[in-house]
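K.L.:
Take each chain as given, in its own frame, and dock them per the hints.
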Amino acid sequence: MKRILAGLAVFYALGIILAGLTRLDFWLVTPAAAVVFILAFLSARKKSLSLSLILLLALLAGYLNLKNSFKLSECHIRNFVVYKNDPVYSVSGFVFGVPESKNGRYWFILRAQEIQINKLKYRCCGELLVKMDFDPELDYGDNLTLLGPLKCLPNYRGYYNFLASQGIYLTMPIKDFRQINRREGCGGLKLVRGCFRLRAYLEQVISRYLPALPASILSAMVLGQKRNLPWLVKKSMVESGTVHILVVSGFNVGIVAFMINLLLKILRFRRKWRIILTAICLLIYCLVTGASNPVIRATVMGLVFLAAYFLKREPDIYNSLFCAALFILVIRPGQLFDIGFQLSFISVLAIVYFYPKLRSLFHLEAWKIKILRLIVEGCLVSFSAWLGTLVIVALNFRIFTPVAVLANILIVPLATLITLCGFTLVLSGLIFPDLARLFSLPAAALVTLLLNINAALIKLPFAYFYF
Amino acid sequence: MLNFTPEERRVALFLLSLAFGGLILNNLVKANCRVSGVIYPPVQLARLNLNQVSLAKLEATKCVPVKIAQEIVGYRNLHQGFSGWEELNEIKGIGRQRLDKLKEAFFIE
Numbered sequence: 001m002k003r004i005l006a007g008l009a010v011f012y013a014l015g016i017i018l019a020g021l022t023r024l025d026f027w028l029v030t031p032a033a034a035v036v037f038i039l040a041f042l043s044a045r046k047k048s049l050s051l052s053l054i055l056l057l058a059l060l061a062g063y064l065n066l067k068n069s070f071k072l073s074e075c076h077i078r079n080f081v082v083y084k085n086d087p088v089y090s091v092s093g094f095v096f097g098v099p100e101s102k103n104g105r106y107w108f109i110l111r112a113q114e115i116q117i118n119k120l121k122y123r124c125c126g127e128l129l130v131k132m133d134f135d136p137e138l139d140y141g142d143n144l145t146l147l148g149p150l151k152c153l154p155n156y157r158g159y160y161n162f163l164a165s166q167g168i169y170l171t172m173p174i175k176d177f178r179q180i181n182r183r184e185g186c187g188g189l190k191l192v193r194g195c196f197r198l199r200a201y202l203e204q205v206i207s208r209y210l211p212a213l214p215a216s217i218l219s220a221m222v223l224g225q226k227r228n229l230p231w232l233v234k235k236s237m238v239e240s241g242t243v244h245i246l247v248v249s250g251f252n253v254g255i256v257a258f259m260i261n262l263l264l265k266i267l268r269f270r271r272k273w274r275i276i277l278t279a280i281c282l283l284i285y286c287l288v289t290g291a292s293n294p295v296i297r298a299t300v301m302g303l304v305f306l307a308a309y310f311l312k313r314e315p316d317i318y319n320s321l322f323c324a325a326l327f328i329l330v331i332r333p334g335q336l337f338d339i340g341f342q343l344s345f346i347s348v349l350a351i352v353y354f355y356p357k358l359r360s361l362f363h364l365e366a367w368k369i370k371i372l373r374l375i376v377e378g379c380l381v382s383f384s385a386w387l388g389t390l391v392i393v394a395l396n397f398r399i400f401t402p403v404a405v406l407a408n409i410l411i412v413p414l415a416t417l418i419t420l421c422g423f424t425l426v427l428s429g430l431i432f433p434d435l436a437r438l439f440s441l442p443a444a445a446l447v448t449l450l451l452n453i454n455a456a457l458i459k460l461p462f463a464y465f466y467f
Numbered sequence: 001m002l003n004f005t006p007e008e009r010r011v012a013l014f015l016l017s018l019a020f021g022g023l024i025l026n027n028l029v030k031a032n033c034r035v036s037g038v039i040y041p042p043v044q045l046a047r048l049n050l051n052q053v054s055l056a057k058l059e060a061t062k063c064v065p066v067k068i069a070q071e072i073v074g075y076r077n078l079h080q081g082f083s084g085w086e087e088l089n090e091i092k093g094i095g096r097q098r099l100d101k102l103k104e105a106f107f108i109e
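Here the protein sequences line up with chains R and L, keeping their order.
Using this note's numbering, read the first sequence as starting at 1 and increasing by one per residue.
Using this note's numbering, read the second sequence as starting at 1 and increasing by one per residue.
Rather than coming from a laboratory, the hints here were simulated on the basis of the structure.
Predicted model, so just to flag it, every value in this text is computed and none were measured.
Misleading hints may appear alongside valid ones.
Stated by the list, open to error - Mimicking EDC-like on lysine to aspartate or glutamate, the simulated pairs with C-alpha atoms at most 20 Å apart in a straight line are:
1. L:LYS101 - R:ASP133
2. R:LYS151 - R:ASP133
3. R:LYS234 - L:ASP100
Claimed, not checked - Far from chain R, some chain L residues (derived; all Cβ distances over 10 Å):
4. LEU13
5. GLN70
6. ARG76
7. ASN77
8. GLY81
9. SER83
10. GLU86
11. ILE91
12. GLY93
13. ILE108
We treat Cβ as the ideally placed atom computed from N, Cα and C, and that holds for glycine.
If we strip away everything but chain L, and leave its shape as in the complex, we get (with noise of 0.2 Å):
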């Protein structure tokens, strides 16, 4: 009955590796919350933090044209650092369209 041909032995292996290996992440998981912060990406690795982002990273975005990059990291300067996305606002140049494409690009911790 069990006569697998090479191929279907390597998808059961490789299905049971996958098994197994959700298994030991699981858990993991549950025994310390930790590991979930392996496991799952953190944001930095998709979007850069806009109190910490260079002049010239955030020159390089394609949404921040150079003035309103230098307007971001002034009003950055002035204020240590945005708390809020509404804080953005303030600065002019930036309506909701721009703020949507800077809510894509970066987060603010």
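Okay, chain R solo, but in the shape it has when bound (with noise of 0.2 Å):
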């Protein structure tokens, strides 16, 4: 089997699939695994046997890990709520993730250490939500304890699905700032702290130099922080079908890359040292981003070309995608039902495999004009990725977006030259401050023409159907 990985992931995620599907107890499951497994290290040697067992054992692993994630761990605060009398609690952990607001209100969340309940405490993991309607001026790791009420998360739907799935299962509404005790110290990682603040310095940056409304877009494509972003502009794109422009991928990944690579050739490092140094500098790049499912995807498919630049083996982007599936499934298994998730898996997949297909069908090879080559490429690529999220988006969203593949060839032309000079502001806004003033009004005049050019294609017959 040529693709291992591919096909290794393929199994582990069915396995997820059919955990989800059945309720076969964790315990069940185990001595199965066990089995196959003493049989493909006894079949080592026969290489259709072996191979189709180490599947199979894929398959298992990917069923008992979702399985595993479910059972949560005895000290895990979820087991210390008691469903009577709603009681006061006093929780004393560190704030995970930047805190984030919308209309007003306030959240972040919190990773429990410490639970106090009618004098008694306790020792206790997992996390939980903390609501507000003030700003806390809260940062990554700072110590706190909190008073309030824990109530579990209702149903499971939506939003709260989203947060079932990361481990999140409780909430605490606070409704005055005295619930809130700030204790000394920081907990955390200090390298996350230190990105998400330079996140928000780079944030200042951008802002400094372009009103609201093309900052908060530049901060969405460039930094991968949608907080300001305006309600209409992103259901604008959701109808055109070029909201992804708006999320930091592969795209955003790939220019840094390439960015630092350049920046190390000019400076005449080595090789070796700069296929290092851009690892590095792409995992910085991650956690400033927030470390979203797509940037994930992207950071671990360039680190597997890199690994395979730095062994000079060819790399295989077949591999390397299923490679970054698989690290974000055996960390998350519950990801897989995650729509983002599948978004940016799918979309990647049905490129990669149908861009070449219909290339090869158009003979595009043999086409002399360059810019009309270009253009159709452009097209074969958007229409690439809308056939592929075409069902998830359709089921998800309830939305068809015919508009879609016309918009991206408009769109992400132009959405890449507006990310190109995004990072060409913050880096000049950090370097030259004069210069990044110059730098920010082509930045702005692109993302008008982008908005214009989406707010005029939506308004086209049968752009998008809600059903």
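P.N.:
Written out as structure tokens, the structure is:
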């Protein structure tokens, strides 16, 4: 089997789906996995049998991992919550992630370390969602003690379903700032704390040179910060099928890798050191942008490619893609049911699979007019991604967007330019602030053009249908 | 000394084109204030005018339930439009939080 990682990832994912559909207990499947493991070990010399058993083992590993993720440890904070009388709890821990806000509501995730009920303290683990109506002015890693009731998330639907897949089952509403007590010291990783601070600083750099609307769009495209993105912009992008440009993804990671590599090349670093430093920068960029699924996928794919160059081996896009999928699913198997994860992987898979086939169908290599060839190539990439994600988008968002193919042809090159301008603006804002003012004007003009094109496209007849 | 690789030349060209573009736009803005309206996106692209938005679009907004959308349109027709956000407080069902949400999605002109 040429692409063993692809096979392992597919069977592992099938195991997760199977675990979601069936109710067989963890301890019933474990002996079966042990038997398969022994058989695979014994039949190591019989190639096809051994391979089939390894794939079966991957399936069972996926099954067991999801079942195991449902089981909370004894010290999990959810096990301390009683359902009667709604008592007040005192929970100590640290802020995990950056506090977010929308429509005057603020929330953050607290990684719990200690819980106090009726003057009895217990060590605990797990995370909870803390919601409030005022700005808590907190950073990642701040040590806190919170006083308030703990409530289980209702029915695990929509956003709550997403939280449940992240291992968050509880929420604590905070009504008064006196319910939050800061403690000395910092929790969490210093590197992550530094990355979040860097993101906040870079956001300030962008908003220093641009008005609110273009700044919010650039922050989303370059730093993955969608907090200030207007509702109507997001809605109109969904309707034109181009909302993916507002997400930090493989394209941005590629730009970062290219820029770092180029900079190191100009500074005459050796090839080996260039690859190592580029890999480190990619990891930092992943943390700065909040390590969402598309960024993790792109970063892992980038790292696999860099490792292949480092070891002087030929990189394979399928293997790197499935390696990224395995990486995410091993850590959080529940992510397979997350719409963001599905869209991120299926769109790339569709491009990788359909695009070469469509290219050879149209005999694009033989086309002599370069501009026409580039335009058709853009069309085919957009069409491939649209085709791949069509069913998932229609089922989840109840929207069908025929205009998406045309919109992507026009908007993706523009978004590419805007992203490049965004990176240039951020870097120049850090190094040459006066030059950044100059770079901000083309960036703002391009964002205006993008929004105007998008607004015109969704006004076309039969551009999109809600059903 | 200037033995740039093709990639380095492309980057230099991109930066220079950005700088030239910026210079030209800066000059145009200085010469005519209206140009800034072309460069910077107008508010209509990010929010809807509450005095012109249709009932269907208002209802499609997540922050406006159907009943409140009808109340808003009724009030708007009766008073020939809104002149400020404070007028929305007179509509039953619009509190501080919903007003904040409305401000995010609409503007009044």
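K.L.:
Is the straight-line distance between the alpha-carbon of LYS234 of chain R and that of ASP100 of chain L 20 Å or less?
P.N.:
holds (18 Å)
K.L.:
Closest CB-CB distance from GLU86 of chain L to chain R, is it above 10 Å?
P.N.:
With a cut-off of 10 Å, GLU86 of chain L remains clear of chain R, as the shortest Cβ separation is near 17 Å.
K.L.:
Examine each Cβ of chain R, and state whether all of them lie more than 10 Å from the Cβ of GLY93 of chain L.
P.N.:
Its Cβ never comes within 10 Å of chain R, the nearest being 16 Å, so this holds.
K.L.:
Checking the smallest CB distance to chain R, is ARG76 of chain L really beyond 10 Å?
P.N.:
Given a closest Cβ separation of 19 Å, the condition holds.
K.L.:
Taken at face value, is the distance from the CA of ASP133 of chain R to the CA of LYS151 of chain R at most 20 Å?
P.N.:
holds (17 Å)
K.L.:
Is the Cα-Cα distance between LYS101 of chain L and ASP133 of chain R 20 Å or less?
P.N.:
It holds: about 13 Å lies between the C-alpha atoms, which stays within 20 Å.
K.L.:
Take a quick look at LEU13 of chain L and tell me if its Cβ sits farther than 10 Å from every Cβ on chain R, holds or violated.
P.N.:
Label holds. Min Cβ-Cβ 12 Å, cutoff 10 Å.
K.L.:
Does the claim that GLN70 of chain L lies outside the interface with chain R hold up, using a Cβ gap greater than 10 Å?
P.N.:
holds (20 Å)
K.L.:
Hey, does ILE91 of chain L actually stay past 10 Å from chain R on C-beta?
P.N.:
Holds, since 18 Å exceeds 10 Å.
K.L.:
Is it the case that ILE108 of chain L keeps its Cβ farther than 10 Å from each residue Cβ in chain R?
P.N.:
holds (15 Å)
K.L.:
Taking the closest pair, is the beta carbon of SER83 of chain L still more than 10 Å from chain R?
P.N.:
SER83 of chain L is indeed farther than 10 Å from all Cβ atoms of chain R, at 22 Å.
K.L.:
Minimum Cβ separation between ASN77 of chain L and chain R greater than 10 Å?
P.N.:
At roughly 23 Å from the nearest Cβ of chain R, ASN77 of chain L sits farther out than 10 Å, so the non-interface label holds.
Every hint, counting from the list given before, is met by this structure.
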